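Chains as they are written, first to last, in the working numbering: chain A, 384 to 619; chain B, 62 to 389.
FYI, nobody ran anything at the bench for these hints, they're computed from the structure.
A quick note: this is a predicted structure, and the numbers were derived from the prediction, not measured.
There could be a bad hint or two in this list.
Unchecked claim - Below 27 Å or equal to it, Euclidean Cα-Cα: the simulated DSS-like pairs (lysine-lysine) are:
| # | chain 1 | residue 1 | chain 2 | residue 2 |
| --- | --- | --- | --- | --- |
| 1 | A | Lys470 | A | Lys605 |
| 2 | A | Lys470 | A | Lys458 |
| 3 | B | Lys276 | B | Lys294 |
| 4 | A | Lys476 | A | Lys612 |
| 5 | A | Lys605 | B | Lys148 |
| 6 | B | Lys148 | B | Lys135 |
| 7 | B | Lys294 | B | Lys145 |
| 8 | B | Lys371 | B | Lys148 |
| 9 | B | Lys148 | A | Lys597 |
| 10 | B | Lys309 | B | Lys294 |
| 11 | B | Lys136 | B | Lys148 |
| 12 | A | Lys605 | A | Lys543 |
| 13 | A | Lys612 | B | Lys309 |
| 14 | B | Lys294 | A | Lys597 |
| 15 | A | Lys612 | B | Lys276 |
| 16 | A | Lys543 | B | Lys324 |
| 17 | A | Lys597 | B | Lys324 |
| 18 | B | Lys276 | B | Lys309 |
| 19 | A | Lys612 | B | Lys294 |
| 20 | A | Lys597 | A | Lys476 |
| 21 | B | Lys324 | B | Lys276 |
| 22 | A | Lys476 | A | Lys543 |
| 23 | B | Lys135 | B | Lys145 |
| 24 | B | Lys294 | B | Lys371 |
| 25 | B | Lys324 | A | Lys605 |
| 26 | B | Lys371 | A | Lys612 |
| 27 | A | Lys470 | A | Lys543 |
| 28 | A | Lys470 | A | Lys612 |
| 29 | B | Lys276 | A | Lys543 |
| 30 | B | Lys324 | B | Lys371 |
| 31 | B | Lys324 | B | Lys294 |
Claimed, not checked - Only some residues are given here: those of chain A computed to face chain B with a beta carbon under 7 Å:
| # | residue |
| --- | --- |
| 32 | Ala439 |
| 33 | Tyr555 |
| 34 | Gln581 |
| 35 | Val594 |
| 36 | Gly595 |
Using N, Cα and C, we set each Cβ at its ideal position, and we do this for glycine too.
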Amino acid sequence: MLGTVEFPDIEPPRFVTIVDDDPEDREDLMDQLRDHNIEPRAVDGRYGSDIDRLIADVRATGSPFVICDHRLQIKNLASFNGSSVIKALGLSKHPAMLLTMYQSTNRLELREARADVPVVVSRHDFDVSQLGTYAEICRREFANDPVDARRAHRTLIGIKGINRTYNHTELYVTIPNWRPDDAIILPVACIASDLVPQLEVGDYLLGDVNVGAKEEDDLFFKNVNEIMKANEVTGS
Amino acid sequence: MSDVVVFDVAHGNCSLVRSQSAYCVVDAPLGALLLNTLEDMGISCIDVAFISHADKDHIAGVIGLLSSATIQLKKLYLNPDSQKRTKIWRDLLAAVSVAERQGSCEVISTLTTTMPGTVTVGDVVIHVEAPSASFALAGSGSVDTQGRHITSNSISALLRLKQGDRPGILLAGDIDEVGLDDALNYDRDLTAQTLVFPHHGGLPASSDTTAFVDKIMSAVNPSLVIFSNGRGKHDNPRPEIVSPVARKRCAIACTQLAGRCSKSPIFNLGHLEPHRAYGQPTGASCAGSMTLDLAEHGRRPASYERAHQKFIDDLVETPMCRVPRLDK
């Protein structure tokens, strides 16, 4: 996440809409907002797979900022994830952030979606006093002027390991100008599908990556659509 | 206008030369600071880049430059390093392969006093003062005429930047005593107004640190010494280096606040120049990123220099750069 001094004096929004399927967590968040004189507004219907209706209800609250839980299925608020809600709101430049438990099961799922989700904060690290910063990060992204940690640059991605099973491929990669010694898992959904069967350990991909990201969970991958085979690299 | 920006990149080195709409990059470590800065400055073409030697904290960012879709690198100078079997060196080779495949960058695998010898960037002439061709050909893993080991650091390029006859800036990479002696044996002129001290102010390979400091300070005779250091990384700059430098009565500026100077980070940032500085968000910057005006002999703008000195006087608990005054 960004350093907090990057935007030291940004006022938080006065109204915030919360989308959270768990009533207890939702109420806890609303209390935190009220403590900071921010008026919370909740959306808590049953939406099934109807994301358009949920988005319409969020808009109807009139809040300039939305906090959305990632897992909306557990208490049956919706069959889709919060990341889909953030992405849909982003299409109309509506600032929103994702709250997550960052459990291992959704970590890779979030990496796939991260390019469209400007702000992800774990519930444990959520800080109401940073809401103005979270909103500013969204605003900058929508203005095509993303903060440093969200700026994508064309970069090499080294393939360090491949686990292939009958229906699943897992790639371990390094990013030389991010942290060349840290291998991370790159979801194959982030890669042009025609490249995946060609990949071997030692190959490199080229893609757009936010190499200014501070943490692994803040990385996103876009346009990963070029390959350099290991045997094309001298000294291999 | 010709100037050099020495960036606060934490542990590593990165400098940008700007002159008459021509641009040059010397070294770049991990991260996006250089790429983001170039984009914000509206620089879409780097005429030439140098990699001083084959260490991660000097080359990782050049890999990003070689693969960038928004910034074209036209020419890259570096020395081969046959001893390098590191992952980052292979990554660099891959990036060079990408650039060669795209035909976007001319990569010149020689960086010595004779080839290219000098490179011109706008009004700035960059003199390669080390390594000599024979020293580079011996390469890391071999020994010099005195039987001392030549390492990757030994073959760091020494680049002296000048505009006209004014003494300019010496970028010293990670050069050690063995490499420095190579330059001095050939009577290379190393004098400069500003020295970016080698190896981030870390200990040189030689056992006699003070002798190394004396030797490089005598050869360069700088008025300002810059340490490009990362707070909390290898305890740089080391007091064994800073003390003898400070005793030479020249000004000292560290990009980041050494742990020995202040146990806590300092978030008073009014003195920093308006360039990105890696330590800024975490209160780790001391001088931060610095502009050196080549028309002014490679000095910092006076207002920023004064503001930095005031920052040290007012807020830094135990500044190593103030040692001479305490000795009085």
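- Under the criterion that the straight-line Cα-Cα distance not exceed 27 Å, is the pair Lys371 (chain B), Lys148 (chain B) satisfied? Since the Cα atoms of Lys371 (chain B) and Lys148 (chain B) sit roughly 43 Å apart, the hinted pair is violated (cutoff 27 Å).
- Lys470 (chain A) and Lys458 (chain A): Cα distance at most 27 Å? holds (21 Å)
- Query: Within 27 Å, alpha carbon to alpha carbon, are Lys605 (chain A) and Lys543 (chain A)?
  - Reply: The given pair, whose Cα atoms are some 19 Å apart, holds under the 27 Å limit.
- Starting from Lys470 (chain A), check that the Cα of Lys612 (chain A) is at most 27 Å away, please. violated (34 Å)
- Message: Does Gly595 (chain A) hold up as a contact with chain B if the rule is Cβ-Cβ below 7 Å?
- Response: holds (3 Å)
- Going straight from one Cα to the other, do Lys476 (chain A) and Lys543 (chain A) come out at no more than 27 Å? Violated, at about 37 Å.
- Message: Hinted pair, alpha-carbon criterion (27 Å max): Lys605 (chain A), Lys148 (chain B). Please report holds or violated.
- Response: Measuring from Cα to Cα gives roughly 24 Å; hence the hint holds.
- Message: Lys309 (chain B) and Lys294 (chain B) were given as a pair; does the straight-line alpha-carbon distance stay at or below 27 Å?
- Response: holds (25 Å)
- Task: Given the hint that Lys148 (chain B) pairs with Lys135 (chain B), test it: the Cα-Cα distance must not exceed 27 Å.
- Result: holds (25 Å)
- Query: For the pair supplied as a hint, Lys135 (chain B) and Lys145 (chain B), is the alpha-carbon distance within the 27 Å limit?
  - Reply: holds (25 Å)
- Decide if the proposed pair is consistent with the structure: Lys276 (chain B) and Lys543 (chain A), CA atoms, cutoff 27 Å inclusive. Measuring from Cα to Cα gives roughly 44 Å; hence the hint is violated.
- Query: Given the proposed pairing of Lys371 (chain B) with Lys612 (chain A), does the C-alpha separation stay at or below 27 Å?
  - Reply: Violated. Lys371 (chain B) to Lys612 (chain A) sits at ~54 Å, over the 27 Å cutoff.
Hint violations for this structure: numbers 4, 8, 13, 15, 16, 19, 21, 22, 25, 26, 27, 28, 29, 32, 33, 34, all remaining hints satisfied.
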